[in-house]
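Novice: Listed below are the residues making up each chain.
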Amino acid sequence: MAEKKKKPLSYYLLAGFFGLFVLFLYGPMFAVFLLSLQGPEGQLTFPMRGFSFYWIGAVFGQQRVGNFVEAFWRSLTLGLIVMVVTVVFSVMAGLAFRRRFAGSNLIFYLTISSLIVPSILVSLGIGIVFGLVGIDNQWYSSALAGHLTWTLPFAFLIMLGIFGRFNPAYEEAARDLGASEMTTFWQIVFPMIASSVVGVGLLGFTLSYDEFTRTSLISGETNTLPLEIFGMTTNVTSPTLYALGTITTIFSFLLIGVALFVIQYLSNRQSKSKQG
Amino acid sequence: MAVTQLPTSGEPTRSRRAKGVNWKALQPYLLSAPQTLVFLLFLVIPIAAIVVVSFWNFNGFAMFPGFTLNNYLGIFTSKVYLATYLNTFKFAFLVWLVCLSISYPVAYFLSFHIKNPKLQTIWFLICTVPFLTSNIIRMISWIPFLGREGLINQALMGLGLTKQPIEIFLFSDFSVVLAMVHLYALFMVAPIFNSMIRIDRNLVSAAEDAGASPFQIQKEIIVPLAAPGIAIGSIFVVTLVMGEFATMRIMSGGKSSSVGYLIKNQLDSLQYPLAAANAIVLLIITLTIVFAILRAVDIRKEL
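Protein chains in written order, with the numbering used here: chain A, 1 to 276; chain B, 277 to 579.
Sample of chain B residues lacking proximity to chain A, with all beta carbon distances greater than 10 Å (derived):
#1 Phe352
#2 Asp449
#3 Leu479
#4 Lys495
Below 30 Å or equal to it, Euclidean Cα-Cα: the simulated DSSO-like pairs (lysine-lysine) are:
#5 B:Lys495 <-> A:Lys7
#6 B:Lys391 <-> A:Lys7
#7 B:Lys355 <-> B:Lys531
#8 B:Lys394 <-> A:Lys272
#9 B:Lys394 <-> B:Lys495
#10 B:Lys366 <-> B:Lys355
#11 A:Lys6 <-> B:Lys495
#12 B:Lys439 <-> B:Lys531
#13 B:Lys391 <-> A:Lys272
#14 A:Lys6 <-> B:Lys394
#15 A:Lys7 <-> B:Lys394
#16 B:Lys391 <-> A:Lys6
#17 B:Lys495 <-> B:Lys391
#18 B:Lys495 <-> B:Lys366
#19 B:Lys366 <-> B:Lys531
Hints are computed from structural coordinates only; laboratory data are not their basis.
Just so you know, even glycine gets a beta-carbon here, dropped at the ideal spot from N, CA and C.
Generate coordinates for the entire structure from the input sequences, incorporating the hints supplied.
Specialist: What follows is the structure, given as structure tokens:
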């Protein structure tokens, strides 16, 4: 590395700025962690009043307003469904987009436009259509539809990037040796993109798990977790709210950790098998 | 290797079997069909439905098919609506401006000052992780800082700068902008970072050797080459803020309104056609902004 030159002043200024940015991102999160670990007489602000797991426990207890546990299972299930659908559809579309075909531009812009349309319109529109057709608004029907309009464009763009860097020589070799389309995909293509697919899956799940606006008008009588928490912000004035934040954030961190571990494992295996 | 070859130009060669030619031509359509169907069913048709409904009549309980321009006339003649639209623009502009002024130096530091690619990835991931956690929780997490008895007020009073707690930090325009920047900054950082790491470092060295000042290097090289990233980030931030209502509701304490919030309220009082008309106006405004950005900056090489 070219570290011989002394670092200019601008490096230190920018490093300081970057440090502040990271602090800005994480500071509030840690404040919430701390405040959720207060004693039973805890308040919404500092200083901390005692230390206990009272409020963490309170989340799982009977709530006067809202039901965290049910909403959590709903969001988890929905997130997993969205994840699987997003991965399957975007990998398929990614495969299709390795070649230009008549109409590919149209499909591309249709997909991207889903990111540009303000989320509230998607929610409103799906609500109206489901209402007119006579399908109940539920987290597993209309909200699922809304989530897919949000996760698929991101997944699609990432798949385009992955297949853009993809070396087709391996598949060609497999085909020349007489492998069928299916065999080629599962034996050659999929192992090569597997670690990226895990990343897309993680993104699909978290985008769905945290999605608020596109779900807000169409989740039916029951709430997903973000909607439940939104409802609680107006009613709950105890650190239960923070405890809930701590738990969902730790859950997100665990998920990211597991995904990064799997990605690392898969890409190590891939690079080993390439050398071998 | 390829015996029969499709006539597509510039494509990598692939072997084809003659009997599979029709299937081959269909393949991309079959593969992209599920995704396309999702967008037709859940994006195109819903927006068409909103357009149709925006011309319908309604009373306090239901909506009726018909054709009236009253919903639109109501929007353009009401001072309250006008103020709400202006308020939404104001927040979109402020959040965009703050996001840009934070994200540009952050992306620049990551791409130009961190030389080790592994460290670059790690720091970028560190910036990304909070954006994978719950938005609502991230809004709430400002309460211990901004409230009447929050850390900022405690600090100000401890330093003797003020005797009374200052009320403007929470439930104000300030807290709305702060929370939105906190929520959406990554959508600006990521595309700018992505543009900047592709800039050829030799250009910068050459400019330095030719005696360009740091400011000239930014103005003549970095900004123009990062422009597509800035444009993509701007589109993200503006569209996200334009369709927002949760942050507006929680962080302004219900004091400030946005078009998204207005639409939500109209739906709660079952004024579907009115909400639909507002949604269409919002969509047209947002698309106009997006196309204006796209006209100013060519983003195709980023896609």
